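Enquirer: Sequence:
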Amino acid sequence: MTGSHEQDNTPSTQDAATTHGIVVGVDGSEQSVSAAKWAAREAELRGLPLTLVTAYTMPVFAASALEAGYGVPDDTMIRDGAMQVLQGVVNQLGRLEVPLVHRVEMGDAAGVLVDYSASANLLVAGTRGRGGFFGRLLGSVASALPAHAKCPVVIVPKGEHASRAAAGVPVIVGVDGSEQGRIAALAAALEAEIRQSPLRVVIAMPPISGAVAWLPATVDEQSLVGEMRERLEAGIEWLKSEFPSLEITSDIVDGVPVDVMVNESKTARLTVVGTRGHGGFAGALLGSTSQGVISHAHGPVMVVPYLKDSRLAHRASFGPTFS
2 MTGSHEQDNT PSTQDAATTH GIVVGVDGSE QSVSAAKWAA REAELRGLPL
52 TLVTAYTMPV FAASALEAGY GVPDDTMIRD GAMQVLQGVV NQLGRLEVPL
102 VHRVEMGDAA GVLVDYSASA NLLVAGTRGR GGFFGRLLGS VASALPAHAK
152 CPVVIVPKGE HASRAAAGVP VIVGVDGSEQ GRIAALAAAL EAEIRQSPLR
202 VVIAMPPISG AVAWLPATVD EQSLVGEMRE RLEAGIEWLK SEFPSLEITS
252 DIVDGVPVDV MVNESKTARL TVVGTRGHGG FAGALLGSTS QGVISHAHGP
302 VMVVPYLKDS RLAHRASFGP TFS
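So the sequence shown is numbered by this note's numbering: it starts at 2 and just counts up by one.
I should point out that these hints are in silico values taken from the structure, not numbers from a laboratory. In this text, all values refer to a predicted model and were calculated from it rather than measured experimentally. Virtual Cβ for every residue (Gly too), placed ideally from N, Cα, C. Hints are supplied without guarantee of correctness; some may be wrong.
DSBU-like, lysine-lysine: derived pairs with alpha carbons at most 35 Å apart [claimed, not checked]:
#, residue 1, residue 2
1, Lys-267, Lys-38
2, Lys-151, Lys-267
3, Lys-38, Lys-241
4, Lys-159, Lys-267
Here are the computed distance ranges between Cβ atoms for each label pair [what the hints assert, rightly or not]:
#, residue 1, residue 2, range
5, Pro-207, Glu-231, 11 to 21 Å
6, Phe-244, Gln-85, 39 to 49 Å
7, Thr-77, Asp-255, 57 to 67 Å
8, Asp-76, Pro-245, 51 to 61 Å
9, Glu-31, Thr-268, 19 to 29 Å
10, Glu-228, Ala-119, 39 to 49 Å
11, Gly-48, Ala-167, 20 to 30 Å
12, Arg-312, Thr-268, 19 to 29 Å
13, Lys-151, Arg-312, 12 to 22 Å
14, Glu-194, Glu-234, 16 to 26 Å
15, Gln-85, Gly-169, 37 to 47 Å
16, Pro-207, Ser-296, 15 to 25 Å
17, Gly-169, Gly-89, 31 to 41 Å
18, Arg-47, Gly-160, 15 to 25 Å
My request is simple: use the sequences and hints to build the entire structure.
Expert: Now the structure itself:
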């Protein structure tokens, strides 16, 4: 990354962090402030550093002047403005119990955050910004973060607050029987354990006539649902073997996957989805399904990238298998 300007509030007795901890992209908008406050709570919950990042690019006219040979444009004013934005967000966070780092980077917003994600535990962003850093979020930037980040990405809606942290509010994960679905389930179980919250595992069951239209007419629909539930229950037992102290419930919910998960998000402390699946729930993720969940969810949504996990070898099948 180029053009980095950093202020580090880490106490002198604190060893340098080996990772960026919880990274949040900010631009001073109300949405990004909500994301920063959510990220700050996460950092304190996990005992990790909080890294606030803003990014800027040179105006088009300045870049054109440079190409025309009129000299190197002075970006001091832009950088100073970006730092003022960052400081304003820091002031709204107040005193934290974890190290706080804030940085200004010159470069593409999505590219900057993807770079940071390589050494971050979690990447956090708001749903939309004022332009600049997140002006196109839920456009190319929002698509790029879940698609290319090296760590889980959480998209926080405007106005998100701490009330979801109340006891008993579950972490909810959508699964579809794919390996990526199992990765998402493991990540969701960990999130629930960290929060001391229950975990709810959901399979979205599209209208049965459409879901089985390609199957032979002799296939018994009730048997298909029964097999799906059996596989789901086996998956829950696998999760319980990995997280024995975690309260886990599951359900098969009728409806289109994006609609099901958006509705589930109303009562979720965190809604978790994977990046890819068999089709159906996660197959189009970063397409219509993921963007639908991120765009319309009523609370924070975590998108989990594919990560190799040895625990997958302990459970070869989880949830329905449509292929």
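Enquirer: If you check the beta carbons of Asp-76 and Pro-245, does the distance land in 51 to 61 Å?
Expert: Since the Cβ atoms of Asp-76 and Pro-245 sit about 54 Å apart, the hinted range of 51 to 61 Å holds.
Enquirer: Range first: 12 to 22 Å. Now tell me if the beta carbons of Lys-151 and Arg-312 are that far apart.
Expert: holds (19 Å)
Enquirer: Does the Cβ distance between Pro-207 and Ser-296 fall inside 15 to 25 Å?
Expert: Since Pro-207 and Ser-296 have Cβ atoms about 20 Å apart, the given range 15 to 25 Å holds.
Enquirer: Just tell me: holds or violated, for the beta carbon distance of Glu-228 and Ala-119 against 39 to 49 Å?
Expert: Distance hint for Glu-228, Ala-119 holds at roughly 40 Å.
Enquirer: Measuring from beta carbon to beta carbon, are Gln-85 and Gly-169 in 37 to 47 Å?
Expert: This hint holds: roughly 41 Å between Cβ atoms.
Enquirer: Using the Cβ atoms, figure out if Glu-194 sits within 16 to 26 Å of Glu-234.
Expert: holds (20 Å)
Enquirer: I want to verify a distance hint. Is the separation of the beta carbons of Pro-207 and Glu-231 within 11 to 21 Å?
Expert: Given about 19 Å between the Cβ atoms, the range holds.
Enquirer: Does Lys-267 sit within 35 Å of Lys-151, going by the straight-line distance between their CA atoms?
Expert: holds (28 Å)
Enquirer: Hey, Lys-38 versus Lys-241, does the alpha-carbon distance stay inside 35 Å?
Expert: holds (32 Å)
Enquirer: Range first: 19 to 29 Å. Now tell me if the beta carbons of Glu-31 and Thr-268 are that far apart.
Expert: Taking Cβ atoms as reference, Glu-31 and Thr-268 lie about 24 Å apart, which means the hint holds.
Enquirer: Given the hint of 57 to 67 Å, is the C-beta distance from Thr-77 to Asp-255 inside that range or not?
Expert: Once the Cβ atoms are compared, 58 Å apart, the range 57 to 67 Å for Asp-255 and Thr-77 holds.
Enquirer: Honestly, do Gly-169 and Gly-89 meet the 31 to 41 Å range at C-beta?
Expert: holds (35 Å)
Every hint, counting from the list given before, is met by this structure.
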